[in-house]
Amino acid sequence: MSLEIDLEQRDRILIVRLKGELDHHTSDELKKQLESAIEEADIQHIILSLKNLQFMDSSGIGVILGRYKKISQKQGEMVVCSINPTIKRLFELSGLFKILKLKESEEDALHMLGVA
Amino acid sequence: MFLLRKWTGLVRPMQSYFLTGGITIILRRFIQSIKKWGYIVFFKWSILHLVMGFLLGRALILQELSPFAVPYFAVMYFLRKDKIFYIGLALVFGASTHHAGLGWMTFFSLFLTLITLLIMERHHKTDLSYTPFIVLGSVLISHTIYDYYEGTWNGYALFMNGVEAVMSLVLTLIFIQSLPVLSFKKQRYQLKNEEVVCLVILLASVMTGTIGWYVENTSVEHILSRFLVLVFAFIGGGTVGATVGVVTGIILSLADINAMYQMSLLAFSGLLAGLLKEGGRLGTIAGMMIGSSILSIYVGNQGEIIASVRESAVAVLLFLLMPRPILTAISRYIPGSQEYMQSQNDYLRKVRDVTAEKVQNFARLFEQLSVSFIEYAPAEQENEQKIDLFLSEVTRQTCQKCWKKEQCWDRDFLNTYESMAVMAKQIDETGELHQMDVPGPFQKKCVKTDKVIQAMHHQLDQLKHHLQMKRQIQDARRLVGDQLAGVSRVMRDFSKEIQKEAEDLNVQEQQILNALEGLGLSIRDVEVVSLEEGNVHIRVTLPSCFARDECQKIVAPLLTNLLGENIAVKQDEMEDDADGYCILSLVSAKEYMVETGVAGAAKGGKLLSGDSFKSMDLGNGKFALAISDGMGNGERAHMESTATLELLQQLLKSGMDETLALKSVNSILSLRSTDEIFATVDLALIDLYSADTRFIKFGSTPSFVKRGNRVFTISSSNLPIGIIQDIEVDVVSEQLKPGDLLIMMTDGIYDAPGDVENKERWMKRIIAELETDDPQEVADCLLERVIRHHYGEIADDMTVMVARIDRQLPEWSAIQIPNFDKIERPSQTVS
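Residue numbers (this note's numbering), protein chains in the order written: chain B, 1 to 116; chain E, 1 to 831.
Read the hints as simulated data drawn from the structure, not as lab findings.
Hints are not guaranteed to be accurate.
As the list claims (entries may be wrong) - Here are some of the chain E residues that sit facing chain B, going by a computed Cβ distance under 8 Å:
1. Thr701
2. Ser715
3. Ser717
4. Pro720
5. Ile723
6. Glu728
7. Val731
8. Asp747
As the list claims (entries may be wrong) - Footprint (simulated), chain E over chain B, 3 or more residues, beta carbon under 8 Å:
9. 54–63
10. 93–107
All figures in this text were calculated on a predicted structure; none of them were measured in a lab.
Ideal placement from N, C-alpha and C gives every residue a C-beta, glycine not left out.
With these hints in hand, go ahead and build the complete structure from the sequences.
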């Protein structure tokens, strides 16, 4: 099973919907896509919508941390929403919730970032 | 000089006893005048040297040889050239008291010596090393010429002159050693044994000058020799006492052959007096009286016995009159005396204190530096100022080159400025500025609105960039500050350690010594370095047991009983001395021991794994287990994780607190490159005395503890190391128990079940099912189990590290000794 990446931009917010498995096979592709989106569209905030993400490993964490570093320089924020328990546990273990915000749904996340 | 100081030191306590008001002032003046006069008498007139000169001039050996005068003169020439005339006079005068001929001969020898020395000086060859030969030459020549002139020139006289010249040469060598001591040229001068002998020879030679003097039928030389022996025996003990007795005895008997038995008398009484010196002055006196009486009863007749007792009595009286400070002052020079040891100890302590203070000063310096690094934050510019600066940059690119500049900025400054300030605020707040945001009046006035907006955007980017750079520099500065603070803390602890060693643990040392000797062991020395609980360090020197392991089987168990805590021999610090002694280091045995096992595989079965691991004893009673997983696989990841652990190991070993150590590693790694390279770190620090374990995890998977059949997880969440500069560190503590298996792994193992719903539970089940509790086997089994789960495929670098904690049991049980109490430990005063 591979990874399906769906990117949607609203104002300066990038919504990233991932489906499938984020591992070291697929993380490079995700990194490339996110990188170009952030550069071209002048993205400030990122919302990770992980409802359909089944699996993630350390390389996935690497991609997320790298993007966080980028947007935090623009005073941007990263929000995670619709996360399933397995991935949530992984996020917890990696300490990612120290820097990311967790929201129930995409709407909540957008609301928090000031876009209805 | 110090003699004088000691005398006034003696008088001072009297002052405080019974003197008040006016009397004090009078007495103080009196003391001062004594001091002044003492100084004048001793130094300006050098009375002491003159008296010595007189006596040495008088001193005769075998009734005809006077080998003392010329050496004394020659050596004094170098010490007190200003007084050399008077000293020469004293010598000649001393010699003349025997008969005028001797006076003339001495005068002639001295004259010859002086001429030679003056000639040598003119040729710039004045050197103490030539002096003995000058003395030899002048004595030989002058005496031979004198004999020739007198007509007593024959073979015998010539031979005797040769003997006298050689003696003079030897005496010169001795005086060169001993005279500087008496002229107080050197402060804090510690004598070697041979120097003490030289000094005694000098004093005995001086005493020879008193031969033939009788006061009320008592011989002055006997009194003085006994007095000398008493003083040295009291200060230096039996060996020194006997030596002084022999040396004085032989020189006195050389002068007067009838006094031969004086040598044995003085040596014996010196030995006795020295052996009884523990009894204070009275003990020494008793020794002297017994020694001298026994021998004179044995040798002499009745008259001699009475004379001898009288002489001893007078010597004792003199000895009793000798002020204590002078004795103490002399004893500082004599090796082996308690004062000598004390002054050595004082010196050592001073060095230690100075070192500690220096280290502390450095610590303070580093702390100060760190504070100045952290505190220094460039003041935030005022908002208005910021806008001004921003606008001036913008206008430089636009308005400066605009033909309407005069109109907008000279005539309508306020309005233009205000409009632009509004725009600047807008772009600062939202980050964007559109055509419609521009205020109406400005739009109307300005012909290059587009350009202005563009310039503002550009400027904003630059400003942000600038700010970011600034923040990075600030972060770097904070990192340096933290590092310095850490170094400062380590140094401060070190200085405390140095000072702690200065604690006086003599009582405990004696107690241990007694206990060990009570068991029949021959012990040379016991040195207690530290008695802190859990950190005991004792050094024992005893005859080498030739691998019979007395130390482990007897010494350590005994100390275990005395201290109430397990003591072990530190094997790697056993030193065998060349002289058949062996120095043992005995330290607190750790309560627990850790056995580890590791298994790992690289992705795809390759050689190089991106994981690294280390297990190390930090040396301070802590055992560290660490696993690091570099991002990705292969060489790059391997280097990353290895570097992380190396750095961590160095910092931990230097004594840095683990949280700060990890923070430092993080800061260094994240500053090092802008790439998003990171590594996870999983660190467990096991306290070997309490088994209390601290876990710090950076982006790593949970660890498992298997206790009996129960398995539980330990997890904490921190970001991986090397990405975000400022991290907070969560530490999880867990009390481990003997028999516990601690299992740490990288995500290659942890994530292995892949799609399993609950990996933790899966792993727990696997661990619980393991039947072995050998760490290495556990590690191997787990790795195999995980690889089998994937049908032999290794999807990621995998490392599993297993540690088993066990109570350390001493090999030999403690030895109970009924009559010895437990050693009292000093209360720790660690501020």
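Evaluated hints:
Interface hint status for Thr701 (chain E): upheld, as the beta-carbon distance to the closest one in chain B is roughly 6 Å, under 8 Å. Given hint, Ser715 (chain E) at the interface with chain B, holds; its Cβ is 6 Å from that chain's nearest Cβ, closer than 8 Å. With a cut of 8 Å, the hint placing Ser717 (chain E) at the interface with chain B holds, because the nearest CB-to-CB distance is about 4 Å. Checking Pro720 (chain E) against chain B: minimum C-beta separation of about 7 Å stays under 8 Å; hint holds.
Taking 8 Å as the C-beta contact cut-off toward chain B, the hint placing Ile723 (chain E) at the interface holds, the least distance being around 5 Å. Evaluation of the Glu728 (chain E) hint against chain B yields a held restraint, the C-beta minimum of about 7 Å falling below 8 Å. With 8 Å as the threshold, the beta carbon of Val731 (chain E) stays out of range of chain B, its nearest partner Cβ sitting at about 13 Å, so the hint is violated. Here the hint on Asp747 (chain E) is kept, as its CB sits about 5 Å from the closest CB of chain B, short of 8 Å.
Here's how the region 54–63 of chain B fares: 7 of its residues keep a CB closer than 8 Å to some CB of chain E, so the rule of at least three is met and the hint holds. With 7 residues bearing a CB less than 8 Å from a CB of chain E, the region 93–107 of chain B meets the requirement of three and the coverage assertion stands.
When the structure is compared with the earlier hints, a violation turns up for hint 7 alone.
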